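Assemble the whole structure, with the sequences as input and the hints as a guide.
Residue numbers (the working numbering), protein chains in the order written: chain A, 1 to 303; chain B, 1 to 423.
Everything labelled a hint here was simulated from the structure, so no lab data went into it.
Careful: at least some of the hints might be erroneous.
Straight-line C-alpha distance at most 20 Å; calculated EDC-like pairs for lysine to aspartate or glutamate [said to hold, decoys possible]:
| no. | chain 1 | residue 1 | chain 2 | residue 2 |
| --- | --- | --- | --- | --- |
| 1 | B | Lys347 | B | Glu283 |
| 2 | B | Lys241 | B | Glu302 |
| 3 | B | Lys252 | A | Glu158 |
| 4 | B | Lys347 | B | Glu327 |
| 5 | B | Lys270 | A | Glu201 |
| 6 | B | Lys233 | B | Asp404 |
Partner residues aside, some chain B positions facing chain A, computed with beta carbon under 8 Å [said to hold, decoys possible]:
| no. | residue |
| --- | --- |
| 7 | Ala78 |
| 8 | Asn84 |
| 9 | Arg103 |
| 10 | Gly104 |
| 11 | Ala105 |
| 12 | Leu109 |
| 13 | Asn251 |
| 14 | Asn394 |
| 15 | Tyr395 |
| 16 | Leu401 |
| 17 | Asp404 |
| 18 | Ala407 |
| 19 | Thr411 |
| 20 | Arg422 |
Model, not experiment: these values are computed from the prediction.
C-beta: ideal position from N, C-alpha, C; glycine also.
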Amino acid sequence: MSTTTATRRGQGRPESRSRRRVEPIFYFFLLPSLVLFTLAITVPGLVGIFFSFTDSIGIGDWEFAGLTNYIAIFSDPAILQSYLFTFGFSIVTVLVVNVIAFLLAVGLTSQIRMKTALRTIFVIPMVVSGIIIAYVFNFLFSNSLPSAGAAAGISWLETSLLANPDLAWIAIVVVTAWQAVPGALLIYIAGLVSIPGDVYEAAEIDGASKFQQLLKITAPLVAGYVVINIILGFKGFLNAYDIIVGLTNGGPGTSTRSIAMTVIAGFNGGDYAYQMANATIFFVVAVLISLLQLSLTRGRNTL
Amino acid sequence: MSLKLTRTLRTAALGLCLALLAGLLSGCTGDSGKETIRFTFSKREAIGFMTKLVADYNASQDNTEVILDTSGVDVVSASFVRGNPPDIALANYNMETARFVQRGALSDLSGTQAATRVRKDLQPLMDQYGSYPGRTSALPYSVMASSVIYNKEIFAAHGIEVPRTWSELLAACDALKAAGVTPFYATWKDDWTVAQGWFDYSVGGQLDTLDFFEKLADAGTDVGPDSPASFQKDFEQPVEKMLKLAGSYVNKDAASRGYGDGNLAFSQGKAAMYLQGPWAFSEIAKTAPDLQLGTFPLPMTENPEDLRVRVNVDLAAWIPEESKHKEAARDFLEYLYQPEIIEAYNKSQLGFTPTIDADAAPDPRIEGMVEYYDKGSVYQGPSVLVPRTIPIMNYTQALVLGADPAAMFRTLDADWARLAFRQ
Numbered sequence: 001m002s003t004t005t006a007t008r009r010g011q012g013r014p015e016s017r018s019r020r021r022v023e024p025i026f027y028f029f030l031l032p033s034l035v036l037f038t039l040a041i042t043v044p045g046l047v048g049i050f051f052s053f054t055d056s057i058g059i060g061d062w063e064f065a066g067l068t069n070y071i072a073i074f075s076d077p078a079i080l081q082s083y084l085f086t087f088g089f090s091i092v093t094v095l096v097v098n099v100i101a102f103l104l105a106v107g108l109t110s111q112i113r114m115k116t117a118l119r120t121i122f123v124i125p126m127v128v129s130g131i132i133i134a135y136v137f138n139f140l141f142s143n144s145l146p147s148a149g150a151a152a153g154i155s156w157l158e159t160s161l162l163a164n165p166d167l168a169w170i171a172i173v174v175v176t177a178w179q180a181v182p183g184a185l186l187i188y189i190a191g192l193v194s195i196p197g198d199v200y201e202a203a204e205i206d207g208a209s210k211f212q213q214l215l216k217i218t219a220p221l222v223a224g225y226v227v228i229n230i231i232l233g234f235k236g237f238l239n240a241y242d243i244i245v246g247l248t249n250g251g252p253g254t255s256t257r258s259i260a261m262t263v264i265a266g267f268n269g270g271d272y273a274y275q276m277a278n279a280t281i282f283f284v285v286a287v288l289i290s291l292l293q294l295s296l297t298r299g300r301n302t303l
Numbered sequence: 001m002s003l004k005l006t007r008t009l010r011t012a013a014l015g016l017c018l019a020l021l022a023g024l025l026s027g028c029t030g031d032s033g034k035e036t037i038r039f040t041f042s043k044r045e046a047i048g049f050m051t052k053l054v055a056d057y058n059a060s061q062d063n064t065e066v067i068l069d070t071s072g073v074d075v076v077s078a079s080f081v082r083g084n085p086p087d088i089a090l091a092n093y094n095m096e097t098a099r100f101v102q103r104g105a106l107s108d109l110s111g112t113q114a115a116t117r118v119r120k121d122l123q124p125l126m127d128q129y130g131s132y133p134g135r136t137s138a139l140p141y142s143v144m145a146s147s148v149i150y151n152k153e154i155f156a157a158h159g160i161e162v163p164r165t166w167s168e169l170l171a172a173c174d175a176l177k178a179a180g181v182t183p184f185y186a187t188w189k190d191d192w193t194v195a196q197g198w199f200d201y202s203v204g205g206q207l208d209t210l211d212f213f214e215k216l217a218d219a220g221t222d223v224g225p226d227s228p229a230s231f232q233k234d235f236e237q238p239v240e241k242m243l244k245l246a247g248s249y250v251n252k253d254a255a256s257r258g259y260g261d262g263n264l265a266f267s268q269g270k271a272a273m274y275l276q277g278p279w280a281f282s283e284i285a286k287t288a289p290d291l292q293l294g295t296f297p298l299p300m301t302e303n304p305e306d307l308r309v310r311v312n313v314d315l316a317a318w319i320p321e322e323s324k325h326k327e328a329a330r331d332f333l334e335y336l337y338q339p340e341i342i343e344a345y346n347k348s349q350l351g352f353t354p355t356i357d358a359d360a361a362p363d364p365r366i367e368g369m370v371e372y373y374d375k376g377s378v379y380q381g382p383s384v385l386v387p388r389t390i391p392i393m394n395y396t397q398a399l400v401l402g403a404d405p406a407a408m409f410r411t412l413d414a415d416w417a418r419l420a421f422r423q
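Next up, the structure:
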């Protein structure tokens with residue numbers, strides 16, 4: 001071992017240098033995560049994919065069923081609807097969250113009074129658990145808003161937003177955004193403070209207005225952070241679960257059932273293999289989206 | 001340098017592993033000599049009763065420590081999948097538990113004292129959800145009959161008799177409405193209240209649900225407009241009547257109200273009728289202990305002979321095959337079935353005790369159903385006979401909120417056929 005490295009060092013080939021320089025300590029750093037990841041994610045994932053080809057209900061006897069579950073899924077309107085809902089919801093929420101978070105971040109990094117106090121207030125929603133937020137908003141939507149509507153004589157406000165099959169998703173977007181904005185906000189603040197002040201000075205001297213500075217300097221310089229926020233946000237919203245459970249539980253009717261909810265329903269309702277097939281398809285879709293996002297952002301030095 | 005480092009690390013890793021192992025092992029040794037069993041019970045109206053019962057049992061003997069687990073139905077199902085089910089459970093007997101029965105996940109209880117005292121004529125209620133060859137997988141503990149709950153004081157104040165036909169029901173509703181009283185209090189925000197009350201009472205009052213679901217099971221993947229039974233053919237009429245009631249005779253904010261809101265509002269006399277089971281009585285009594293309440297079957301046809309009440313095995317006892325403490329669990333089971341305990345439980349929850357020696361003295365609030373229960377004019381609700389993987393509760397909620405019934409029943413038929421195709 002030592003002799004080969006010695007001779008290769010003489011040749012100075014790049015790969016030999018990297019091989020020699022690897023300290024065993026790095027593998028040791030990797031090991032715990034690798035073991036945990038394999039045991040907690042990879043193995044159960046593979047087991048789940050295996051069971052998607054059976055008729056298992058999660059317990060007891062099972063038999064191989066081939067592609068039966070996959071065939072059934074593609075003709076299941078409920079599953080299709082959950083995909084449409086989840087993707088529509090994720091796209092809208094990502095847009096709402098990023099616009100609000102970006103504008104807030106611009107405000108909170110400018111020269112205003114009580115900057116620290118305001119930042120703290122805006123970050124509070126992030127530390128509250130999703131299910132608690134959902135139940136509190138559930139109460140607001142079902143009781144407080146309708147009472148306010150009744151008192152003010154606004155008839156469309158008298159029925160809960162959550163009870164309207166066509167509009168319940170808006171309530172979910174609002175609550176999810178309320179919780180997700182702080183995370184994105186922090187990343188934007190970090191991005192904004194990293195922009196050197198002299199570029200603004202230069203722009204000022206050239207006569208650029210504040211709005212032009214925002215569009216021509218701030219926006220391009222935080223573009224990398226926008227990409228991070230969109231990818232992280234979109235990934236998170238695709239897994240939407242707790243807030244929906246607390247707000248509508250998939251209702252009214254089946255109008256707000258997310259993919260994660262249908263998968264869990266199979267776990268609880270004796271449709272284990274079928275929903276494992278659904279989860280497998282969702283996994284493939286998620287991988288495709290990740291590859292797409294990677295290829296779109298490749299070359300940006302910010303990542 | 002690197003050699004030294006790895007040796008130190010190796011020592012450190014070994015130490016870490018030993019520490020972890022020690023931690024794991026210490027988890028195995030109990031701190032007392034008692035055998036611990038986990039008892040699942042999540043009927044929220046009776047958790048107070050059960051907490052006291054478990055405390056009494058734990059104090060009464062030194063061998064077993066029962067731990068009450070009230071974490072709910074979904075958690076229990078998941079625990080079976082993980083191979084870590086509770087040691088004993090008293091749980092709602094439905095399609096959910098049926099899966100455990102059919103795949104042999106529940107142990108045989110036929111040798112217990114309790115099994116010999118259960119009324120044999122209740123067996124069809126249990127068998128409806130399937131059985132496992134050679135086993136008595138579950139024992140009924142509490143049978144509940146449910147029908148319309150009505151406020152006797154409001155009915156008397158407006159001179160309204162208990163309706164026995166569909167047209168009498170409509171007349172009563174119109175009379176109440178004319179007097180400014182909301183006929184029905186509806187809580188559509190909670191989808192299960194639509195399914196068990198509005199949907200089940202309407203369909204069960206007009207259709208032989210057992211026969212329907214047998215035909216449906218026979219048709220399997222062929223369920224559709226041309227099969228002997230289908231949701232689109234058989235459910236359209238009953239649901240039309242349900243929608244007539246739902247459309248004209250409920251509180252204005254029905255869509256935003258939940259079960260808790262309904263119990264409070266009904267106890268305050270905000271409506272004359274309430275489509276809930278007897279479990280709601282104890283909740284209503286919290287705010288209005290002296291309110292005069294009664295029950296009657298929802299009349300859906302013009303023939304009083306068709307009047308029926310919805311029954312279900314609200315609680316059944318079972319012990320999972322995978323439990324490691326079956327003997328201790330069986331001892332606790334016998335304790336639960338002691339006459340004074342099982343009867344006290346059912347009295348407190350207004351259920352019917354399913355043992356042969358039970359003393360039947362009905363509470364005045366459920367008197368209106370005893371006649372039908374005794375002569376067997378009962379049905380099981382269609383919502384509990386649909387496998388849970390089909391979101392029937394969400395569907396019924398969509399119906400009362402204005403979804404097209406024909407399209408909804410086509411979806412249901414397709415869901416049923418698809419399930420038959422893959423299971």
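Hints, one by one, checked against the model:
At most 20 Å may separate the alpha-carbon atoms for a hinted pair to count; Lys347/B and Glu283/B meet this at roughly 15 Å. A distance of roughly 13 Å separates the Cα atoms of Lys241/B and Glu302/B; the hinted pair therefore holds under the 20 Å criterion. A threshold of 20 Å between alpha carbons decides the hint, and for Lys252/B with Glu158/A the separation of about 9 Å falls inside it, so the pair holds. A C-alpha spacing of about 28 Å is found between Lys347/B and Glu327/B, which places the hinted pair above 20 Å, so the restraint is violated.
For the suggested pair Lys270/B and Glu201/A, the alpha carbons sit about 68 Å apart, so the restraint of at most 20 Å is broken. Using a Cα cut-off of 20 Å, the hinted pair Lys233/B and Asp404/B holds, with the two alpha carbons roughly 14 Å apart. Residue-level restraint check for Ala78/B holds (minimum Cβ-Cβ distance to chain A is 6 Å; threshold 8 Å). With a cut of 8 Å, the hint placing Asn84/B at the interface with chain A is violated, because the nearest CB-to-CB distance is about 11 Å.
Interface hint at Arg103/B: satisfied, since its Cβ lies 3 Å from the closest Cβ of chain A, which is below the 8 Å cut-off. For Gly104/B, the shortest C-beta to C-beta distance to chain A is roughly 6 Å, which falls under 8 Å, so the interface hint holds. Satisfaction of the interface hint for Ala105/B is found here, the shortest Cβ-Cβ separation to chain A being roughly 5 Å, below the 8 Å cut-off. Given the 8 Å rule on beta carbons, the hint for Leu109/B is violated: about 18 Å separates it from the nearest Cβ of chain A.
Checking Asn251/B against chain A: minimum C-beta separation of about 12 Å lies over 8 Å; hint violated. Taking 8 Å as the C-beta contact cut-off toward chain A, the hint placing Asn394/B at the interface holds, the least distance being around 5 Å. The criterion of a C-beta within 8 Å of any C-beta in chain A is met by Tyr395/B, whose closest approach is roughly 7 Å, and the hint holds. The interface hint given for Leu401/B holds, since its Cβ lies 5 Å from the closest Cβ of chain A, which is under the 8 Å cut-off.
At about 11 Å, the closest approach between the beta carbon of Asp404/B and any beta carbon in chain A exceeds 8 Å, and the interface hint on this residue is violated. The beta carbon of Ala407/B is not positioned within 8 Å of any beta carbon in chain A (closest approach about 10 Å), and the interface hint is therefore violated. Because the beta carbon of Thr411/B sits about 7 Å from the nearest beta carbon in chain A, less than 8 Å, this interface hint is met. Satisfaction of the interface hint for Arg422/B is found here, the shortest Cβ-Cβ separation to chain A being roughly 5 Å, below the 8 Å cut-off.
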